[in-house]
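Participant: Residues per chain are reported as follows:
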Amino acid sequence: MFYIGLIFLGIGAGAWAVYRFGVGIPSMPCFFDRVFGMYCPGCGGTRALTALLHGRVLEAVGYHPLIPYAVVVGGGFMVTQGLERLGVGHVKGWRYHSWYLYVGIGLIVLNFIGKNMFRLIWGITM
Amino acid sequence: MGKKICPICGYRDEGDAAYCRECGAKMADSGDDVWSAYEQRGQYSSYQENPSQASSGDGTGQYSGYQGNPSQASGSSAGQYSNYQDYTSKIPYQNTDDYGAGSGANGLQIAGMVCGILAICSCCCYGVPAVVLGIAGIICAAMGNKSSKNGVGTAGMVCSVIGLTLGVLASVYYGMVISQLIQMDYMDEILDMM
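Residue numbers (the numbering used here), protein chains in the order written: chain A, 1 to 126; chain B, 1 to 194.
Worth flagging that the hints you see were computed from the coordinates, not collected in a lab. Here a beta-carbon is modelled for each residue, glycine too, at the ideal position from N, C-alpha and C. Be a bit skeptical, because a hint or two may be false.
Here are the computed distance ranges between Cβ atoms for each label pair [claimed, not checked]:
1. ALA15/A / GLY175/B: 15 to 25 Å
2. ASP16/B / ARG34/A: 46 to 56 Å
3. ASP16/B / PRO29/A: 50 to 60 Å
Anything over 12 Å on all C-beta distances counts as not near chain A; from chain B, calculated [unchecked claim]:
4. CYS9
5. LYS26
6. GLN109
7. LEU118
Derived list of chain A stretches under chain B, where covered just means 3 residues or more per stretch with a C-beta under 8 Å from a C-beta of chain B [stated by the list, open to error]:
8. 39 to 52
9. 89 to 103
Looking at chain A on its own, in the form it has when it is part of the complex (with noise of 0.2 Å):
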């Protein structure tokens, strides 16, 4: 697990690293609001990520819930197991349970379904 984390902390900051310094890409409306006038399952993820590097942890929950949530929980598991493997001070690494991505998808789910319902049915958009 830990090495599979590895990986994908690594393309993680290169598609970063593409999309904040890298060649220049235009910014398109989404496809998913174009097409089915809802907001798409990732919406907010982009602004929670910026939110979060600024410090505002409240705000980044309310842009999209799983940014804050991959950031403690996936964090948390990488640096404590991390520090388990360099032998740092009798640090116990968290041990892998597979509810870490039943509530992930939980979270995309809660995102997509609560802020479609206050698009749709209060006309509240976020």
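Since chain A is already given, all that's left is putting chain B on it; use the hints.
Facilitator: What follows is chain B alone, placed relative to chain A:
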């Protein structure tokens, strides 16, 4: 008693760990008859005290003596396992990465599920990342499901298929939009503005 002992490597845990922190084998109560017998014989304690001695000899590794005398190894466990290989083949988690997991999911299934989740979330990024992650997730989940099928593998496959579908739809949509912009000579202006 609350004290556990690993039947494979002899690691002792004062806590209530279900799996060995050293080798990943299922822990047994040190008070159980079979392991008490092992402790009394000192089969594992000798290895712990002098690993170099245990691993020397005929080159078959640290359990060479154990393998060489299956009847002694089975001890009071009523011959359930005839040798060390038979016993270790029944151990659910031998990879230290997975010890204590208790989920039964293997690494490929977990990777497939993570790819599926990321594919769904990245479908609006021109669709390309979702297509790549969706295909990777399907391959990982399918390969993982070959060895053992469980909820994580199935969820990974479902998420990956959804992510791939959304990614393909997004790619087609953005492809059509960009081709229209190129035909209308707007794309150069957009790129110049970047």
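Participant: Look at each hint and say if it fits the structure.
Facilitator: So, going through the hints one by one against the coordinates:
| no. | hint | verdict |
| --- | --- | --- |
| 1 | ALA15/A / GLY175/B: 15 to 25 Å | 21 Å, holds |
| 2 | ASP16/B / ARG34/A: 46 to 56 Å | 55 Å, holds |
| 3 | ASP16/B / PRO29/A: 50 to 60 Å | 55 Å, holds |
| 4 | CYS9 | 18 Å, holds |
| 5 | LYS26 | 15 Å, holds |
| 6 | GLN109 | 9 Å, violated |
| 7 | LEU118 | 8 Å, violated |
| 8 | 39 to 52 | holds (count 5) |
| 9 | 89 to 103 | holds (count 6) |
The structure is inconsistent with the numbered hints 6 and 7, although it conforms to all the rest.
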